[in-house]
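With the sequences and hints as input, model every part of the structure.
Going down the list, the protein sequences come from chains A and B. If you read the first sequence in our numbering, its first letter stands for residue 4, the second for the next number, and so on. If you read the second sequence in our numbering, its first letter stands for residue 1061, the second for the next number, and so on.
Calculated from the structure, these hints are not laboratory results. Keep in mind that this is a model prediction, so the values were computed, not measured. You may find that some hints are simply not true.
Unchecked claim - Keeping only pairs whose Cα atoms sit at most 30 Å apart, straight-line, the calculated DSS-like set for lysine-lysine is:
#1 B:Lys1188 / A:Lys435
#2 A:Lys243 / A:Lys435
#3 A:Lys201 / B:Lys1129
#4 B:Lys1188 / A:Lys234
#5 A:Lys81 / B:Lys1063
#6 A:Lys106 / B:Lys1120
#7 A:Lys201 / B:Lys1120
#8 A:Lys243 / B:Lys1129
#9 B:Lys1129 / A:Lys435
#10 B:Lys1188 / A:Lys191
Said to hold, decoys possible - Far from chain B by the CB rule (all over 12 Å, computed), these chain A residues:
#11 Ala121
#12 Ile126
#13 Arg190
#14 Thr238
#15 Asp269
#16 Tyr350
#17 Arg361
#18 Asp363
#19 Asp370
#20 Val387
#21 Arg409
#22 Glu424
#23 Met436
To be verified - Using C-beta positions, here's what the derived DEER-type ranges look like:
#24 A:Glu424 / B:Ser1112: 29 to 35 Å
#25 B:Gly1206 / A:Glu77: 56 to 62 Å
#26 A:Pro66 / B:Phe1088: 21 to 27 Å
The beta carbon of each residue, even a glycine, is placed where N, CA and C say it ideally should be.
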Amino acid sequence: MKKLLSIILVVLLATTFACGGGDDTSTSGGKEKKVTITYWAQASMPYPLVNEKLIEEFEAAYPNIKVEFETFPEYRTKTNTAFSTNTTPDVLQLYGGTMNHAKGGKVAAVPESIMSKAEIESIYYPASLANRLYDGAYYGLPIEINMEAPGLIVNNELVQAQGLEIPSAWIENNGPATWDELYEFARKLTIIEGGVMKQAGLGVHTGTESATFLSLIWQYGGDYRDPTNMKVDFTIPEAKQAAEFLLSLVDGDGLVHDKSFVGRLDGFNQTVVAMSIAAPWYAPAVEDSLGGDLDYQYFNLPPYVDGSDPYYVAEGGWGYVVSANSKQQESAWKFVKFMSDKANTEYFTGAVGAVPARKDTDVPDYDPSKGSVEKALAISQEVVEFGRDPGAYTMDTSQLIWTIVRQNLRPMMQGDLTVDEALTNMTNQGNKMIQDYLNRE
Amino acid sequence: MAKKIGNVYDKSFPWLIVVPTLLFLGVFMYYPIFELFRQSFFDTHLAYNTSSFVGLNNYKDLFQDGIFKIALKNSVVIVLYIVPATLVLALFVALLLNTLTTVPREIFTPIYFLPVVTSMVAISVVWKWIYDPSFGLLNYIFSRLGLPQMKFISSGEQALGSIAVVQIWRDVGFYFVIFLAALKSIPRVLYEAAEIDGTNAFQRFRYVTVPMLRPTIIFVLIVSTMAAFKIFTPIQVMTDGGPGNATTVLVLYIIQTGIENMMIGYASAVSVVMFFFVMIITAVQWIFTQRKV
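Here it is in structure tokens:
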């Protein structure tokens, strides 16, 4: 009797383990097993609220999957250290490229069963995908396309305080027609008293000036990127022209933003920069900082160089990735697919003020007579075709643009480095970074 | 029996105290330091599971890295700004308060100490406004006094000094308390004897106060040097290393390379260089201050 009881118990236990093993939502006796996945996103508002709403909808649609959602204020530090210690959640929002994470075996490729490569390429703008493609597969799906910096934000109150009006043609055409037109207007808005700048006409430095520098190189007809995808070269004549153009805006007789004046977004928020080179994400940032009553406008920038198209830097911004070590791959990808569908992408990007990476999203309605987040997002989509990948092949465009280019461009604009020194440093440091990543196993 | 238990207790009590502390230090200090040194010989990147031994390559790269050289120079310069000024001002404030009677001294002490208990982030935000070249309080005062306008943290030449002033303003409040306590411990009889010998106030300061404060001065010198090398918060809040790289210091550079760019092996090499740099300077300070007066 005892023996029989033991056999029954062993069989029962074995059956239980067999049903419990494997991924996710496997069934036991017709009833689906409930699984829990963990999901991380940044803590700044409105990201937590937007995520919570979508999670609620997901859990209603997939009752057998529970999402444990966590947010962290120092998000980048948190995710970077979590990758290092293999303590990442099943799904996380990650900003920018995933190529190093893919090569390092930290994130999973999008399974064909969720979305084929061809399907991904048909759904998303190419510029939003380049920094997620590694070894023929996409590692994560983009939410937004990060544009740096194709826009112009104008404080209408400061314009009127100078007895000026925003030209009606700018409102009709979503921006100035030429750089000269914009520059002349910026000069009128620049106030210098006793040799000290009191108001900048056009915010140029501090912020995304490195992206503006790359835009200028392209608009002058040059390219620092290498067709063989092995190096970068900032010593080309067009890069020198671009650097000198930027210098002329922050120094000398024709300046519109003194190099020692407060930076462009901070200055705009402090209402001492009348207009600023901007990206669509400036609109929600400015509204958040100055409140909804600010009388402002958002336009697309004209090309800096006559005869050129208005090229600018575009790459995948925030996106979803699934950890390679997730034990719940199937559920995690179901969640990513849900979050990335057309309606949820529209809701998410609309709420946080980002340009959707999906091509099929609806352009929001807006009132052209005044600036708004909707207007910034809508008119930015008109210039999406001019967005250029800054060089995903370098494996880390963030490091290239925001560390290497910026750390040489800023001292150059302050006069601490000559143009030639800055461009040579960028080239050498960029190439060393590429070699380090290419040689890494 | 009770005596035996007492003996065992006496023998084991020091261990009961020392072992948990050693374990804590081992896990949270010595092991991370060991790991830091080890990582500096590897090409560890936070996005990769594996890393390769690269020998001294990280160190070779460091000495060709222009930003590292700037960060090292800026760290040394800000230490030279902060430490002597803090030492002199903290001692001056302590001497001043030491001459007061108990009631005014106890009123002024918390006033001077207040910046120490205030968040450095809040202090930095306020000073950022004070330093604003166009609308800041300091330039407003200068203009009222007919003095030339300054650029402060917006100027490559003035930014590091301006940040040093903020740190000094805060640190004086901490170190003067230490000096004040040390001054209170000097026996009055020494001053009375010096007075009988016909010394003036400066001579009493030079031949009584300074020698008696010597251990405290050494302590403040060493601790403030180490703290100044680790300056980070006011720089991150007020300038983020700018304008250009004018205020990029070693700690900021370690965060940028190790956390933002994920190159933790390289950042470890920067940290090791900083470790030895601070250690050597501390040792030199120690040796020089050990000479007899």
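Verification of the hints:
The suggested pairing of Lys1188 of chain B with Lys435 of chain A is violated, with an alpha-carbon distance near 36 Å, which exceeds 30 Å. Between Lys243 of chain A and Lys435 of chain A, the direct Cα distance comes to roughly 21 Å. Compliance with the 30 Å bound is thereby established for this hinted pair. A C-alpha spacing of about 35 Å is found between Lys201 of chain A and Lys1129 of chain B, which places the hinted pair above 30 Å, so the restraint is violated. The suggested pairing of Lys1188 of chain B with Lys234 of chain A is violated, with an alpha-carbon distance near 40 Å, which exceeds 30 Å.
Between Lys81 of chain A and Lys1063 of chain B the CA atoms are separated by roughly 55 Å; this puts the pair beyond 30 Å, and the hint is violated. About 26 Å separates the Cα atoms of Lys106 of chain A and Lys1120 of chain B, which keeps this hinted pair within 30 Å; it holds. About 46 Å separates the Cα atoms of Lys201 of chain A and Lys1120 of chain B, which puts this hinted pair outside 30 Å; it is violated. About 25 Å separates the Cα atoms of Lys243 of chain A and Lys1129 of chain B, which keeps this hinted pair within 30 Å; it holds.
A distance of roughly 17 Å separates the Cα atoms of Lys1129 of chain B and Lys435 of chain A; the hinted pair therefore holds under the 30 Å criterion. Distance check on the hinted pair: Lys1188 of chain B and Lys191 of chain A sit about 28 Å apart at the alpha-carbon level, within 30 Å; holds. Distance check for Ala121 of chain A against chain B: the nearest CB is about 27 Å away, which clears 12 Å, and the non-interface claim stands. The Cβ of Ile126 of chain A sits about 26 Å from the closest Cβ of chain B, beyond the 12 Å cut-off, so the non-interface label holds.
At roughly 18 Å from the closest C-beta of chain B, the C-beta of Arg190 of chain A stays outside 12 Å, upholding its exclusion from the interface. Residue placement check: Thr238 of chain A keeps its beta carbon more than 12 Å from all beta carbons of chain B (closest about 16 Å). Against chain B, the non-interface label of Asp269 of chain A is violated: not every CB pair exceeds 12 Å, the least being about 9 Å. Every CB of chain B lies more than 12 Å from the CB of Tyr350 of chain A, the least distance being 30 Å, so the non-interface label holds.
Against chain B, the non-interface label of Arg361 of chain A holds: every CB pair exceeds 12 Å, the least being about 26 Å. For Asp363 of chain A, the requirement that its beta carbon stay farther than 12 Å from each beta carbon of chain B is met, with the minimum near 31 Å. No beta-carbon of chain B is positioned within 12 Å of the beta-carbon of Asp370 of chain A; the least distance is around 33 Å. Chain B leaves Val387 of chain A outside its interface by the beta-carbon criterion, the shortest separation being 28 Å against a cut-off of 12 Å.
Arg409 of chain A, annotated as away from the interface, has a beta carbon of chain B within 12 Å; the closest lies near 10 Å. Glu424 of chain A, annotated as away from the interface, has a beta carbon of chain B within 12 Å; the closest lies near 9 Å. The beta carbon of Met436 of chain A is not kept farther than 12 Å from every beta carbon of chain B, the shortest such distance being approximately 9 Å. The hinted range of 29 to 35 Å is satisfied by Glu424 of chain A and Ser1112 of chain B, whose Cβ atoms lie roughly 32 Å apart.
The given range of 56 to 62 Å is broken by Gly1206 of chain B and Glu77 of chain A, whose C-beta atoms sit roughly 46 Å from each other. Between Pro66 of chain A and Phe1088 of chain B the beta carbons are some 44 Å apart, a value that contradicts the proposed interval 21 to 27 Å.
In terms of the numbered hints stated before, the structure departs from hints 1, 3, 4, 5, 7, 15, 21, 22, 23, 25 and 26, listed from lowest to highest.
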